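Participant: Sequence:
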Amino acid sequence: MGHSSIENDIQVKPVIFSEEDLLCAEPELALDTLRLMLTSESQDDSLDLFVDFMSETFADTDIYLFAIHEPDSLRLIRSRPQLTGSVREQYFPTFTQDEFCFIEQLERSRFWAEHYAPFFPTMSKALVVTVQIHSRYYMMLLTSQSETLWQQNSLGALHYIIEVVKIALTYITSTEMMYHNRDVEQTEKFASLGKLAAGVAHEINNPLGFIMSNLGTLSAYMCEFKQFVSTSSETRKPFVAEMLDDSAAIISETLEGLTRIQNVVSSLNVYNHVSSSNIGVVDLRDVISSSLGLLLGELKMRARVDYQAPERPMYVKGQSNKLQQAFIHLIMNAFQSITHTDGVICIRLTYETSVLIPRKRNLCLSIQDNGQGISEEHLQHIFEPFFTTKKVGSGAGLGLSVAKEIIEEHFGLIAIESELGKGTQAVIRLPCIVSMP
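For what it's worth, full-length UniProt numbering labels the leading residue of the sequence shown as 1, then goes sequentially.
Hints are computed from structural coordinates only; laboratory data are not their basis.
Predicted model, so just to flag it, every value in this text is computed and none were measured.
Glycine is no exception: its CB is placed at the ideal position from the N, C-alpha and C atoms.
Among the hints, a few may not be true.
[To be verified] Calculated pairs, DSBU-like style, for lysine-lysine (alpha carbon to alpha carbon, straight line, at most 35 Å):
1) K13 / K125
2) K13 / K166
3) K300 / K422
4) K317 / K300
5) K166 / K125
[What the hints assert, rightly or not] Label pairs and their computed distance ranges (CB to CB):
6) Q132 / I261: 56 to 66 Å
7) N205 / V427: 32 to 42 Å
8) S86 / D48: 16 to 26 Å
9) S247 / V200: 26 to 36 Å
Work out the full structure: start from the sequences and follow the hints.
Facilitator: Rendered as structure tokens:
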């Protein structure tokens with residue numbers, strides 16, 4: 001990327017503006033520029049719009065926008081007319097740092113002939129504008145066969161537009177940087193959470209493992225003991241038989257509860273990205289049914305579940321246990337938002353035209369409740385770890401963030417829509433693994 005040692009002999013003439021020149025510029029033109037720039041969401045989009053706008057505003061003008069790659073190198077990033085091929089890969093040496101200037105008699109410059117003329121052979125003079133936006137530098141060359149561009153009123157209008165563009169780009173770039181910093185902060189938060197979760201899961205899993213193992217052994221002993229004493233006259237007493245039956249039920253229920261604790265603990269590993277080999281074809285109908293089966297005892301206390309399983313299989317590729325964790329979190333969130341006795345949780349599973357993969361279908365799961373809803377202020381934070389609107393002790397605020405992580409791990413999307421006082425709807429979209437007619 002080195003440049004030759006030919007001395008820069010380009011004639012640079014600064015453009016001097018009087019107050020009258022700037023006052024002559026049309027404010028409407030600047031406002032049009034500002035409106036246009038602020039319709040874009042990124043600096044790259046803004047540059048495209050800006051170059052197009054300049055090309056339309058200054059007719060018969062060729063526009064070349066360079067990014068200053070290093071203190072002494074430029075690279076062409078936009079042009080009107082469009083230039084392709086080697087010129088887009090070429091690095092050009094800088095020749096001025098003036099903010100607004102003319103370069104003239106380029107045909108006499110050896111420096112221009114060496115570096116620029118092979119790519120811009122007809123250019124004999126140009127207007128040069130240099131702009132700095134935060135840490136980014138740009139240089140724009142404008143050239144025209146028409147004399148209109150070189151007139152003072154056109155230069156005044158151009159200067160006015162450039163100042164507006166600088167303000168707009170500064171705002172857009174600041175916004176981009178803010179979002180980028182927020183994403184970095186969120187990533188770091190998840191990394192820290194992953195380490196914490198892995199430690200907590202490890203500390204709980206060890207005692208949980210031998211408790212479950214001992215209960216399993218105790219259950220086997222109880223079966224043997226029940227058979228052993230079945231011939232005893234003592235078992236004919238009603239309370240002895242009842243104790244034996246209750247003991248088996250107590251052990252079974254305890255094991256079921258510990259299994260649920262184990263599932264909750266394993267969900268913490270989502271944040272540590274612990275991989276699992278049990279990835280396969282999953283029918284979402286089964287996952288939803290098993291999730292509802294685990295929660296039915298709690299749900300029937302104050303909510304009616306409206307769910308009719310589709311007749312056709314609904315296949316995705318993934319891990320059924322993780323998907324079950326995600327669905328349990330979402331269904332429990334719906335249940336906990338219901339504070340009255342006539343609550344309804346409506347669950348629908350359908351196919352739809354994919355928003356994930358073009359010309360494909362995806363599965364859409366909707367979980368809607370008629371609970372108290374979520375305020376607009378809280379809605380934008382609901383997927384943040386440890387964010388909760390519940391009372392202290394009622395939840396750690398990890399449910400929705402875990403669900404989101406699992407859904408995205410399965411290449412899906414999740415969205416929450418809610419209105420305070422009217423209820424909430426969670427919509428999950430997952431790619432379908434079979435082609436549907």
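Participant: Take the hints in turn and mark each one as holding or not.
Facilitator: Structure-based check of each hint:
1. For the hint pairing K13 with K125, the CA-to-CA distance comes to about 11 Å; that is within 35 Å, so the pair holds.
2. In summary, the hint linking K13 to K166 is supported, as the alpha carbons are separated by about 22 Å, within the 35 Å threshold.
3. Under the criterion of a C-alpha separation no larger than 35 Å, the hint pairing K300 with K422 is consistent with the structure, at around 21 Å.
4. Using a Cα cut-off of 35 Å, the hinted pair K317 and K300 holds, with the two alpha carbons roughly 31 Å apart.
5. The suggested pairing of K166 with K125 holds, with an alpha-carbon distance near 25 Å, which does not exceed 35 Å.
6. The supplied range of 56 to 66 Å is met by Q132 and I261, whose beta-carbon atoms lie about 58 Å from each other.
7. Separation of N205 from V427 is about 33 Å and conforms to the stated range, judged on CB atoms against 32 to 42 Å.
8. Between S86 and D48, the C-beta spacing of about 22 Å keeps the proposed range 16 to 26 Å intact.
9. Taken as a hint, the range 26 to 36 Å holds for the pair S247 and V200, whose Cβ atoms sit roughly 32 Å apart.
In summary, the structure agrees with every hint in the numbered list given earlier.
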